[in-house]
Each structure stands twice: as C-alpha cells, then as structure tokens.
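Engineer: Here is how the chains run, residue by residue.
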Amino acid sequence: MDLLSAYRAMLGIRLFEEGVLRLAEQGLVPGATHPYTGQEAVAVGVLAARRPQEWVVSFYRCHGHALAAGSPPERVLREILGRDGGLCGGKSGSMHLADRANRLLGSTSIVAAQLPIAAGAAMSAKLDGTGQAVIVFCGDGALGAGGAYETLTIAAAQRLPLLVVCEDNGWQDRTASALVRHLAPTELVRGLRLPYVEVDGNDVEAVHGAATAALAACRDGGGVGVLVAHTYLRHFHSQLGPRPPAEYRPAAERERWLARDPLTVAADRITADLTALRAEVAAETDALIRRALDAGEPDPATATTGVTVTGDALIGAAR
Amino acid sequence: MSRPHPIGAAVRDALTAQPDLSMFCTYQQDDLVARYGADRMVRMPIAENAMLGMALGMALTGRRVLVSIARIAFLFSAFDQLVNQVTTWRYMSGGQFSVPLVVRGFSRGGEHLGAQHEHAPYGLLSRIPGLVVAVPGSPNSLAGLLRTALTHPDPVVVLESPLLFAPDWADLPEPEPSPAALPFGVAGLARTGTDLTMVAIGNTVAACLRAADRLAGQGVDARVVDLRTAAPLDRDGVAAMVVPDRPVLLVDEESRAGSVMTDLALHLVQTGAVSPGRIDLLTGAPVPAPVSPTLLAPLLPDVDRIVDAALHSFAPDLRRKNP
Chain A
1 MDLLSAYRAM LGIRLFEEGV LRLAEQGLVP GATHPYTGQE AVAVGVLAAR RPQEWVVSFY
61 RCHGHALAAG SPPERVLREI LGRDGGLCGG KSGSMHLADR ANRLLGSTSI VAAQLPIAAG
121 AAMSAKLDGT GQAVIVFCGD GALGAGGAYE TLTIAAAQRL PLLVVCEDNG WQDRTASALV
181 RHLAPTELVR GLRLPYVEVD GNDVEAVHGA ATAALAACRD GGGVGVLVAH TYLRHFHSQL
241 GPRPPAEYRP AAERERWLAR DPLTVAADRI TADLTALRAE VAAETDALIR RALDAGEPDP
301 ATATTGVTVT GDALIGAAR
Chain B
1 MSRPHPIGAA VRDALTAQPD LSMFCTYQQD DLVARYGADR MVRMPIAENA MLGMALGMAL
61 TGRRVLVSIA RIAFLFSAFD QLVNQVTTWR YMSGGQFSVP LVVRGFSRGG EHLGAQHEHA
121 PYGLLSRIPG LVVAVPGSPN SLAGLLRTAL THPDPVVVLE SPLLFAPDWA DLPEPEPSPA
181 ALPFGVAGLA RTGTDLTMVA IGNTVAACLR AADRLAGQGV DARVVDLRTA APLDRDGVAA
241 MVVPDRPVLL VDEESRAGSV MTDLALHLVQ TGAVSPGRID LLTGAPVPAP VSPTLLAPLL
301 PDVDRIVDAA LHSFAPDLRR KNP
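Read top to bottom, the protein sequences are chains A and B.
Be aware that the first sequence starts at 1, since it is given in full-length UniProt numbering, and climbs by one per residue.
Be aware that the second sequence starts at 1, since it is given in full-length UniProt numbering, and climbs by one per residue.
Keep in mind the hints are simulated off the structure, nothing from the lab.
Hints may be right or wrong, so weigh each one.
Label-pair ranges, simulated between beta-carbon atoms [claimed, not checked]:
1) B:Pro286 to A:Gly222: 48 to 54 Å
2) A:Ala303 to B:Gln270: 20 to 26 Å
3) A:Thr153 to B:Ala297: 39 to 45 Å
4) B:Leu299 to A:Val180: 39 to 45 Å
5) A:Gly131 to B:Gln29: 27 to 33 Å
6) A:Thr302 to B:Pro244: 53 to 59 Å
7) A:Ala303 to B:Ala216: 48 to 54 Å
8) B:Gly8 to A:Arg51: 38 to 44 Å
Keep in mind that this is a model prediction, so the values were computed, not measured.
Glycine included, C-beta positions come from ideal geometry on N, C-alpha and C.
Kindly generate the complete structure, drawing on both the sequences and the hints.
Structural biologist: Shown next as structure tokens:
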C-alpha cells in the first residue's frame with residue numbers, strides 16, 4: 001500500500017463526511033446519517049488489501065466503506081441526498097449503500113444482520129473455489145448480537161473464507177460498550193477459538209498489514225478470521241435531522257483519541273508537502289457536492305419498481 | 001398405495017438441473033447428501049436467523065438456496081432476516097441484486113404440538129412486499145409450487161401442512177392432475193359446481209373438497225377454488241371463477257382480522273363478482289393452538305362446520321334451488 005494514496009483516500013472520506021454533516025445541518029439529508037470521521041484508516045487500510053473481485057459487506061456506517069471500495073463519490077452523495085442518479089436510485093439513502101460494480105454487496109441498518117449475509121457470500125466463494133475471501137465490517141456492538149454468535153460458529157465449522165473487521169470504537173450508540181458487556185471483542189472471539197488480530201485502527205499502515213495477513217489466511221483455507229481495529233469516532237454515532245446531537249462521551253476520552261487522528265498519524269510519516277494535495281481533494285469534494293446538490297429528484301414512478309424481478313403483476317398489489 | 005411422495009422428485013429434479021442450488025438443512029437427509037455432496041447439502045445448526053442470512057448472501061452472489069427450516073414456527077426466529085433483509089435488498093439496492101431463495105417448513109395440521117409449533121401465518125407473511133407465499137393444499141400442488149419456487153427469481157416461503165406428509169397423505173383429495181410446476185398468483189379450480197363457490201387455502205382445500213362431497217349428497221353442487229398462493233393473491237382470477245348470482249363462502253384456518261380472505265372478500269364485493277348479501281367467511285379463532293385435540297377442534301373450520309355454513313349462510317339461495 002502506498003501511504004500517500006492511502007492518505008489521499010482517507011482525506012477524501014473525511015472531507016466527504018464533513019460535507020455530508022454540513023448538508024445534514026442544512027436539512028438536506030433525508031433520514032439519519034452515521035459519519036465515518038475518525039475511522040477512515042480502517043476502511044482504507046483493509047480494502048487496499050482486498051482483491052478486486054472480493055465482496056465487501058457493510059452496515060449503516062457505510063459511506064467510508066463504499067468510497068474505499070471504489071464507489072463513485074458523487075453517486076454516493078446523490079444517494080445520501082436522495083437525488084436523481086444516486087447509487088441505489090434513492091432507495092437506500094445513507095444507511096443501505098450497495099454497489100454491485102465495485103463489489104459492495106450492500107449494507108444493513110440492523111446491527112449484526114450483515115454478518116450471516118457475508119458468511120453466505122463466503123460460502124459462495126468457497127463453493128466457487130476461486131480462492132476469494134469476503135470482508136465484512138461491523139461495530140463492536142454487533143458482536144453482542146445473537147446473529148453474530150450463530151454466524152461465527154457456523155463460519156468456523158464450515159471454514160468459510162470470511163474476514164470480520166470489527167471497528168471497535170467503544171460505543172454502542174450512546175452507551176459505552178464497557179457498561180454493557182463483560183468481554184472485549186478480542187476476548188469474545190478468543191473464546192470461540194477464532195484466529196484474530198488486534199490492531200491500532202488509527203494507523204492505516206498497521207491496519208493494512210494486519211488485513212493483508214488475515215486475508216491471506218482466510219483465502220488459504222484458514223477459514224473465518226477476525227480483525228479488531230481499535231478506533232474512535234470524531235463525531236457522534238448518528239445524526240437524525242438538522243440538529244447535531246450534543247457530545248455524550250467523556251471529554252478526557254475524546255481528547256485522548258482525537259489527538260491520535262488517523263490523518264495526522266499518516267501525515268506525520270509522509271515527508272512530501274501535502275498542501276497541494278489537500279487543496280486538490282478539497283476542491284474535488286466541493287465540486288462533487290455542488291454537482292450532487294444541482295441534481296434533480298428521482299422519478300416518483302420508480303417508487304414501485306425493483307420490489308421483485310418479476311414485476312408488479314406478481315407483487316399482488318391491491319388495486 | 002405405494003405411490004412415492006411427489007415432493008421427493010421435485011427436490012431431486014431441481015438439485016440435478018441446477019448445480020448452483022444448495023440446501024440448508026438441520027435434519028440430515030443422507031440420500032441427498034450422498035447424491036449431491038455435503039458441499040451443496042449443507043448441514044446447519046439450529047440457527048434460523050443465521051441460516052436465512054447466509055442463504056441471502058449466497059443468493060446475492062449468484063447462487064440459490066433451499067432453506068429447509070423444519071417448522072415455519074421457527075421462521076419467527078429469523079424474522080429480521082426475512083422481513084428486513086431477504087425481501088428488501090433487491091429494492092434497497094435499486095434493483096442491482098435479486099434474491100432467489102426458498103424457505104420451506106411445516107405449518108399446521110394433525111400434529112397437536114401446541115402454540116409454539118402450530119402456525120400457518122400466510123396472512124402475516126403475505127403483507128411482506130416482495131415475498132411469494134405458497135400455501136399448497138394437496139401433495140401434487142405442493143410439488144408443483146415448490147418446482148416453481150426453485151426457479152423463481154424472488155424469495156418464496158412454502159408453508160407445508162404436516163397433513164400433506166401424514167401416513168394417509170395419498171388419501172387426501174387431490175385437485176391437481178400432476179405434480180407439474182404451478183404458477184404463482186393463479187388460483188386453481190379444485191372442483192366444479194354450480195350452486196355456490198367455496199374458496200379455500202392450504203388445509204381448507206381438502207376440507208372444502210370433502211364438504212363438497214357431503215353437500216352433493218344433499219343436492220348442493222359446490223365449486224371449490226384453491227388459492228394456492230397467499231401472495232400474490234389472485235383476486236381477479238377468483239372473481240372470474242365464482243358462479244354468477246350464486247353465493248360465495250371463503251374458508252380459512254387463519255383468523256379473520258387482516259387475512260387474505262377478508263382482502264379477497266372486499267375485492268369480490270367491490271368488483272361486483274358477488275353481492276354483499278351472498279358472501280360469508282368461515283375462519284379460525286384468534287387463539288393460540290392448544291395441544292388438546294378436543295380444545296383445538298372448535299377453533300378451526302372442519303368439514304362439519306363448512307357444510308353447516310354452506311347450508312345456513314345462504315339458506316334462501318340454496319332453498320330456491322333445492323326446495
């Protein structure tokens with residue numbers, strides 16, 4: 001992984017997400033938005049290690065995963081804004097991004113529901129025999145859900161080529177994880193005797209190195225592996241409507257983490273002057289935001305399309 | 001008497017014709033494992049939520065899974081995957097993906113397993129957008145609907161009455177001439193008749209056919225319509241199949257509120273297929289299934305109750321023909 005391009009990718013996500021938050025405060029984002037600010041090193045580090053045909057499965061905090069997977073930022077933003085030309089035609093919004101062309105299988109807004117879906121994709125990969133792994137992202141809260149336990153036990157028994165990337169930011173919505181669980185994610189997966197690796201999630205090079213090794217083991221018949229990346233959100237868990245929520249995390253904890261921002265960690269290792277690059281990414285982001293805001297609304301006639309392959313005749317809609 | 005159950009050939013034919021078809025099962029079917037391999041006949045732990053999610057993941061990546069969930073009652077453990085995931089990913093992705101997966105399981109009938117095992121929730125399932133809900137009323141229609149399900153591009157749930165597998169299954173009234181594939185959303189004419197139309201679904205198909213035999217002995221010639229699928233619901237097809245100017249009796253094991261039969265009744269009345277005074281419903285009671293057969297019997301429509309309803313609900317009409 002080239003550190004400079006990783007920095008560029010992380011900066012792109014950061015500025016994109018800060019743009020989304022500004023738009024949300026202007027009331028331009030329908031529904032909820034879950035910013036990825038502060039966790040960019042995880043998506044960028046992990047997805048730089050995937051093969052182009054490997055599927056990625058995400059959850060409601062999916063913007064960073066989609067962008068790092070290669071989804072066109074303007075189409076992602078149009079989707080988040082519910083505008084014409086969105087990645088999913090205005091039906092996914094912020095929380096359910098899917099991009100078949102870039103092998104983003106989809107994202108779910110139900111905690112942990114993505115884990116069995118990814119395991120199914122991994123079963124397909126295993127049956128295909130092409131040596132591909134599947135990457136699934138989740139938060140640390142997801143590992144407390146029943147579906148996670150079911151999935152991990154099945155994936156282990158079946159030796160499915162699945163890499164579970166746990167973004168451990170220590171919070172489950174507004175509840176500190178430490179208050180509601182007695183085992184850390186690493187202890188949980190150790191109890192299941194799954195191979196796991198723990199990594200500084202704000203260090204993109206460390207994440208990339210760990211993901212590269214873990215994916216190689218998955219692909220090599222090692223079965224399910226877990227990567228626990230310790231990281232932190234710069235912003236709140238989610239924003240619904242134009243008013244950002246008040247900070248709910250302890251000030252000392254927040255200060256400690258924000259001092260170790262993944263962009264700073266990477267920039268400190270880059271000797272080249274980043275001024276021009278920063279200006280360039282900022283200009284690109286501003287331009288795509290302007291274009292997305294200029295887009296029209298989706299055609300209301302498309303509201304009923306895509307429910308089934310077979311079409312309305314078989315939907316059985318009451319007429 | 002020794003006729004093989006038509007479901008066996010339906011499953012084997014699909015597994016042979018479709019190398020991308022896998023089966024998830026919590027009960028081992030050794031003959032199928034031996035024939036199609038353990039890679040495709042995937043033995044699963046009791047984990048319905050994960051099973052449905054995995055089946056979805058496989059479907060999204062170009063395969064198809066037949067999830068044998070043992071009992072439809074257990075589908076409630078997997079309701080997030082069914083309602084929030086399986087039936088939404090196609091729509092949420094703007095049509096980028098399709099979800100060809102099939103769930104089959106025992107519904108209700110003849111087993112007396114009680115409130116947590118005896119469910120036939122086709123009305124409930126029929127309200128999930130994008131889901132096909134097949135409710136076969138005979139062994140051949142079970143095989144026919146499953147054959148269609150296994151080539152259908154969208155998710156399908158097949159609710160299989162245990163009565164279709166009971167030791168005397170071959171003695172069930174059989175409206176389908178063969179186990180050939182049956183289309184979804186197309187009701188079948190299970191019995192012709194001119195005096196009234198009985199509309200049935202699932203277990204009430206056999207009950208209505210037996211009731212029609214009984215009614216014939218009393219000079220009443222009853223037609224029986226088998227809905228076959230709760231979703232899509234063949235509203236227009238049924239409207240075309242009722243006997244003009246004669247009464248209609250809708251018979252359902254499910255309770256009345258929000259059921260497919262109340263939906264159908266409104267359609268039949270609104271379209272003028274039947275006059276409001278000539279339509280009635282005979283439905284199950286909104287009570288969990290008790291284990292005691294004596295307690296269960298009064299909660300469900302049976303042949304006696306169907307005959308009674310047919311004769312009494314429409315007494316003036318039937319008397320006019322049979323003075």
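Engineer: Now, for every hint given, state plainly whether the structure supports it.
Structural biologist: The hints, checked one at a time:
As the Cβ distance of B:Pro286 to A:Gly222 is approximately 52 Å, the hint placing it in 48 to 54 Å holds. As the Cβ distance of A:Ala303 to B:Gln270 is approximately 24 Å, the hint placing it in 20 to 26 Å holds. Distance hint check for A:Thr153 and B:Ala297: the Cβ-Cβ separation is about 42 Å, which falls inside the suggested range of 39 to 45 Å. For the pair B:Leu299 and A:Val180, the beta carbons lie near 42 Å from each other, so the given range of 39 to 45 Å is met.
Between A:Gly131 and B:Gln29 the Cβ separation comes to about 30 Å, which falls inside the hinted range of 27 to 33 Å. For A:Thr302 and B:Pro244, the Cβ-Cβ distance of about 40 Å falls outside the hinted range of 53 to 59 Å, so the restraint is violated. The hint said 48 to 54 Å for the Cβ distance between A:Ala303 and B:Ala216, and at roughly 49 Å that hint holds. Under the hint 38 to 44 Å, the C-beta atoms of B:Gly8 and A:Arg51, about 41 Å apart, fit the expected range.
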